[in-house]
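Residues per chain are reported as follows:
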Amino acid sequence: MIGTENTAVAEALVKEYRRGAETVRALDGVSFEIRHGEMLAIVGPSGAGKSTLLHLLGCMDTPTSGQLTINGRSTSGLADRELTRMRRELVGFVFQHFALLPTLTVAENVALPGLFARRRAQKHADELLERVGLSHRRTHRPHELSGGEMQRVAIARALINSPKLLLADEPTGNLDTASGESILSLFRALNSEGLTVVLVTHNEALAKATNRIITLSDGKLVSDLRRSE
Amino acid sequence: MLTLAIRNLARRRLRTLLTISGIAAAVAVLASLLAFGQGYRSGLNRELNAMGIQMMLVPIGCPYDAAARVIKGKALDVSLPDASLGAVRADSAVAVAAPVLMAAIPRPTEGRTDLWVGVDRDILPLKSWWKMKQGSTWFTGPDSVILGAEAAATELRQIGDPLYSPETGKTFRVCAILERSGTTDDSQFFIPIATAQNMFDQHGRLTAVAIRLKDPSLLAGAADRLQQTPGAQIVTMGEMMGTFLNLVETVRTLLLAIGAIAAAIGALTVFNTMLASVVERAAELGMLRAVGASRLDLFWLLGLESSLLAICGAMIGVAAAATLGPWIEKAVRTLVPMAPQGALLRLNPTIVGECAAMGLAVGIAAGLFPAWQASRMKPVEAMRAR
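Quick note, the sequences are listed as chains G and D, same order. Per this note's numbering, residue 1 is the first one in the first sequence, and the count goes up by one each step. Per this note's numbering, residue 1 is the first one in the second sequence, and the count goes up by one each step.
Everything labelled a hint here was simulated from the structure, so no lab data went into it. There may be inaccurate statements among the hints.
In silico contact screen, one side only, chain G against chain D (beta carbon under 8 Å); selected entries [said to hold, decoys possible]:
1) Asp61
2) Leu78
3) Ala79
4) Arg138
5) Pro142
Derived pair list, reagent style BS3-like, types lysine-lysine, alpha-carbon separation capped at 27 Å [unchecked claim]:
6) G:Lys123 with G:Lys164
7) D:Lys133 with D:Lys170
8) G:Lys220 with G:Lys164
9) G:Lys220 with D:Lys378
10) D:Lys378 with G:Lys164
11) G:Lys220 with G:Lys208
Computed from a predicted model, the values in this text were never measured in an experiment. All residues carry an ideal CB built from backbone N, CA and C; glycine is no exception.
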């Protein structure tokens with residue numbers, strides 16, 4: 001099952017967490033694999049476990065049981081230090097609310113993950129800004145940008161460490177239609193260059209633009225449809 | 001990382017400024033108090049050493065209070081009989097015995113009290129720091145007066161000028177003016193002892209007799225003999241020094257306690273600021289973890305922020321102590337008994353270093369817990385805190 005063609009493999013993933021006295025099972029035996037270069041959407045109603053799954057894929061959390069392998073390496077039982085290294089080296093995150101630091105310029109925000117990877121990333125940040133069409137905004141602060149521009153900066157930041165897997169949580173949730181389409185085009189362009197892209201979304205149009213849709217409901221995988229299927 | 005830390009602090013300017021002010025105030029208070037304590041101690045040592053007196057015959061009562069008052073130029077309520085001077089001078093171990101009669105004349109309209117001191121020529125060997133201005137002479141008659149430098153400046157008198165004392169109705173002639181010495185002598189009026197006794201109705205009375213021995217090794221025997229003088233007691237300068245040093249140590253302990261309170265307040269300020277910052281920035285810290293920051297990175301970032309607060313606070317505090325020192329000294333001098341002349345606030349490199357280090361240590365230590373809190377945040381939970 002774990003082949004070199006897979007970026008991620010999930011086997012019977014379970015994630016539980018405590019909410020007061022109650023134990024909530026956010027993911028309940030989810031299994032799938034994500035191949036290199038795929039672009040897929042994870043959809044489902046609120047509380048279906050989409051974000052939980054994204055966090056597991058992003059090495060921000062570990063499963064309660066089951067196996068999750070990212071780029072051939074299991075995340076189960078990894079120490080925080082190892083998970084941090086995997087996040088740094090393998091994963092790029094794009095957040096719904098952009099999560100840009102208001103005190104840093106656009107270029108500094110893009111280069112920020114490089115700081116934690118202990119490498120100078122400013123030149124690469126400039127290249128990425130060029131790539132997302134924002135090189136003219138490099139010295140601006142986030143509050144001077146539109147929502148679409150902020151999301152493009154966030155995408156550039158997610159790419160700074162050349163990840164294998166780009167994860168986006170409701171990337172168009174805070175954008176108007178035109179900006180959303182522009183962001184989608186950017187994801188498709190990145191995917192066409194071989195980057196594996198996973199989107200969590202409620203946006204049907206965005207989901208349909210991918211070549212695979214995984215649907216979750218009540219923590220269970222209820223469908224896994226590839227475009228060809 | 002440094003840029004990030006500076007930008008984070010700049011985000012909440014007022015809070016950052018208040019936090020820095022807290023540390024700066026603590027450092028300034030501590031530096032000023034330590035500098036004051038050190039200056040006070042060395043000033044007392046300097047004045048006592050400069051006197052060249054080994055012992056003093058004072059009226060019965062609290063001997064240390066009496067001797068301290070004589071040394072620091074304050075009038076006594078009790079006095080010695082004139083005859084005790086003869087007994088002292090008759091002792092074989094005594095080289096110099098100088099009678100002193102002190103009296104204070106309040107000048108309420110001028111907001112000060114003048115201290116008049118009756119002396120005779122035997123005082124000269126005991127006042128080695130006295131330098132008289134050109135044209136000065138010793139007392140030429142009973143109405144002669146020698147003015148301390150400050151007293152002459154206050155009264156606007158020159159050598160040869162008359163000096164009228166409205167409270168006593170006497171007119172003096174200025175025969176000498178002392179150069180400024182940085183001692184209490186600067187503000188005093190010296191007149192012949194007999195004149196002082198008449199002027200203040202202290203006929204046949206003395207405030208004290210200052211004594212220098214032929215040989216310091218004779219001190220114990222001479223003290224025992226002179227202790228027998230009726231109505232009088234002996235205080236040696238060693239005892240005086242010990243008493244002063246005890247006083248200084250007590251003051252120092254008090255100052256350190258005040259400094260510790262100031263430091264604790266500074267630490268709490270940093271602690272509060274950094275903890276609030278961690279809570280407010282939870283989502284942001286979660287994002288940093290998501291993009292690859294390790295626990296150590298966050299600990300280092302928050303630690304750097306508290307260190308920057310501490311460094312700025314310490315620097316401003318030391319600068320404030322140096323700048324405000326003269327005002328602080330002026331205020332504290334009025335509250336401290338027997339304050340020596342000269343600069344009391346001695347801000348030396350050791351004190352500056354100690355206080356800056358204290359400010360830094362307190363600031364950094366206070367930032368440790370918030371930094372640790374930040375570092376143990378789980379990325380997912382921190383992101384949910386948005």
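Status of each hint after checking the structure:
no. : hint                   : verdict
1   : Asp61                  : 5 Å, holds
2   : Leu78                  : 13 Å, violated
3   : Ala79                  : 11 Å, violated
4   : Arg138                 : 16 Å, violated
5   : Pro142                 : 12 Å, violated
6   : G:Lys123 with G:Lys164 : 20 Å, holds
7   : D:Lys133 with D:Lys170 : 24 Å, holds
8   : G:Lys220 with G:Lys164 : 26 Å, holds
9   : G:Lys220 with D:Lys378 : 25 Å, holds
10  : D:Lys378 with G:Lys164 : 23 Å, holds
11  : G:Lys220 with G:Lys208 : 21 Å, holds
Hints 2, 3, 4 and 5 from the earlier list are contradicted by this structure; the remaining hints agree with it.
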